[in-house]
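Turn these sequences into a full structure, and let the hints guide you.
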Amino acid sequence: MTMLKIGSLGQIKQAELTFGDLTVLVGPQATGKSITLQLLKLLVDTGYVQEELRRYGMDWAGKLPEFFDLYFGEGMRSIWHEGQSSVTWNGKPADMVALAKRKRKTESEKLFFIPAQRVLALRDGWPRPFTDYAPGDPFAVREFSEKLRILVEREFTVENLFPQEKRLKKAFRDLLRRDVFANFQLRINKFRSQKRLVLGAGANGDTLPYMVWSAGQREFVPLLLGLYWLMPSTKVSRRGDIEWIVIEELEMGLHPNAISVVMLMIFELLQRGYKVCLSTHSPQVLECVWALKQLKEHNARPEALLEVFKVDRDQGLQEIARSALGKDIRVFFFDRESQTTQDISELETQTQSGVDGWGGLSEFSGRVNEAVARVVANENASSRR
Amino acid sequence: MSFQEAVEATPGVAGAYRPGLRALRAMDRDKVSADNPRNLAGSVDLDGALQAGMPDDPRWDYGVGANSAGEEKVFWVEVHPATEGEIEAVLAKLMWLKQWLQDSAVALDGFPREFVWISSGRTAITQRSPKLKRLALAGGVFKGGHLRIP
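Note that the protein sequences, when read in sequence, are chains W and Y. Last residue of the first sequence: number 385 in this note's numbering, and the count goes up by one each step with no gaps. Last residue of the second sequence: number 535 in this note's numbering, and the count goes up by one each step with no gaps.
For the record, the hints were derived by calculation from the structure and aren't laboratory data. There's no promise every hint is true.
Capping the alpha-carbon separation at 25 Å, the derived lysine-lysine pairs in DSS-like fashion look like this [stated by the list, open to error]:
no., chain 1, residue 1, chain 2, residue 2
1, W, LYS296, Y, LYS516
2, W, LYS293, Y, LYS516
3, W, LYS13, W, LYS92
4, Y, LYS518, W, LYS310
5, Y, LYS458, W, LYS310
Here are some of the chain W residues that sit facing chain Y, going by a computed Cβ distance under 7 Å [what the hints assert, rightly or not]:
no., residue
6, GLU287
7, GLN294
8, LEU295
9, SER362
10, SER365
11, GLY366
12, ALA377
13, ARG384
From a predicted model like this one, the values you see are computed outputs, not experimental measurements. Backbone N, C-alpha and C fix where the C-beta goes; we use that ideal spot for every residue, glycine too.
What follows is the structure, given as structure tokens:
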């Protein structure tokens, strides 16, 4: 069981997380979810992060404030309060000052991070290299962008990036074609010798450059490329030594149908043996998690889970669903008021204290129901009296 | 007319008035609480009181009177399993309650009110359920595992 305790870091007064196979973080903006996930990456991949920063000529002189400004982004040195901040990793204190000082032996990457700012990874339709960013930009964004660049420059020898027979299950390809790409293809083409990603329609060769893509397509393409990275085309189930995946706000820019497809793809990541951490503001994402937990508790068959997503019961999807129903799922709420985290894995509709058990994500629906019910219950009051 | 007087004036439940939350069965009592217990105006066990006379009717469970936000109102409370499949049963009970209030409990029918469904065990329904919207359109609201009276 992987455990992380944080004391006095940024907006967080106290956080205590036990990670499951799937861990979901919810809570209002600026409550520390992203800091927590980036910290997780740093703790899992200390040596790798240091080596990457050094490789690109960064030098923090062994000092924690400089290191935080490089890793979390400019100005983020302020999240660490000397003498107050603390991090405990798997029951042992993590000495962050020493972590910034010491040169760790280079290790292979264990955690792949898909950041909320993923749309920034493409410029003019092509992934930006690590060095294209300012030194004060967060490491997670720069690193993700660099990975996409490597992927499209080195791993794709064909023009078509989507759909591609050896990438993703056919069921996913069909769903994405319907719900995200509207029958367009994602291609690499050249414009005045410059390679770029475009959307192409059919055989007539018409192409849509990056700037005319829909907001959802611009958000989704970096996510898709990230998923390609994690789902190699070979028989290997995972890439390299990667064990962990963080995806921030997977729902960004996506229609509910597309969110459902991505959730199913996350179940495939779980089946491949990855541990997945999500942060979300989407009630739909939490509803998927709630359904998975409920169905698991009631020993449901995989078909029942697939019904949630309204997909065909092909064998591959059934195996994904069967695997998902066996996974350990944790949900944590980052509470702005108390600046602490609460384990809300039970996902009760409403807690004993009357608080929304979904970390505020179903609160609005509850209020809508109450407001309507109250009016309906009391209409024609004067005629009743 | 107070909540107590209204209960005592209603045939079938006239002797079922209890102070505070005492009309609630012991297993259900911790499912309702009041921020200020002094504001509670009493309670009535409809289900128990009307069982003999209306054994086959889909009877609602309780009425709880409370002085809330400056007025005396009644929280009509049903403690029932909370799954999507049970919404129809709760809707049927709500229709019965409204009809009973109109036909047989005119004194109670005049109070401001809320029709509240509380889960009797684990909750297996989400606030986003379209079926809960149907319940809302009938005047009922699902409150999870607990009703807190402000």
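Hints, verified against the model:
1. W:LYS296 / Y:LYS516: holds, 23 Å
2. W:LYS293 / Y:LYS516: Cα-Cα ~20 Å, so holds.
3. W:LYS13 / W:LYS92: holds, 19 Å
4. Y:LYS518 / W:LYS310: Between LYS518 (chain Y) and LYS310 (chain W) the Cα gap is close to 22 Å, so the pair holds against 25 Å.
5. Y:LYS458 / W:LYS310: This hinted pair is violated, its Cα atoms lying about 44 Å apart.
6. GLU287: Hint holds; GLU287 (chain W) Cβ to chain Y Cβ min 6 Å, cut 7 Å.
7. GLN294: Result: holds, 6 Å to nearest chain Y Cβ.
8. LEU295: violated, 10 Å
9. SER362: At about 4 Å, which falls below the 7 Å cut-off, the nearest Cβ of chain Y leaves the hint on SER362 (chain W) intact, so it holds.
10. SER365: holds, 4 Å
11. GLY366: holds, 4 Å
12. ALA377: At 4 Å from the nearest chain Y Cβ, ALA377 (chain W) passes the 7 Å test, so the hint holds.
13. ARG384: Check passed: Cβ of ARG384 (chain W) comes within 5 Å of chain Y, closer than 7 Å.
Checked against the numbered hints given earlier, this structure breaks hints 5, 8; the rest are met.
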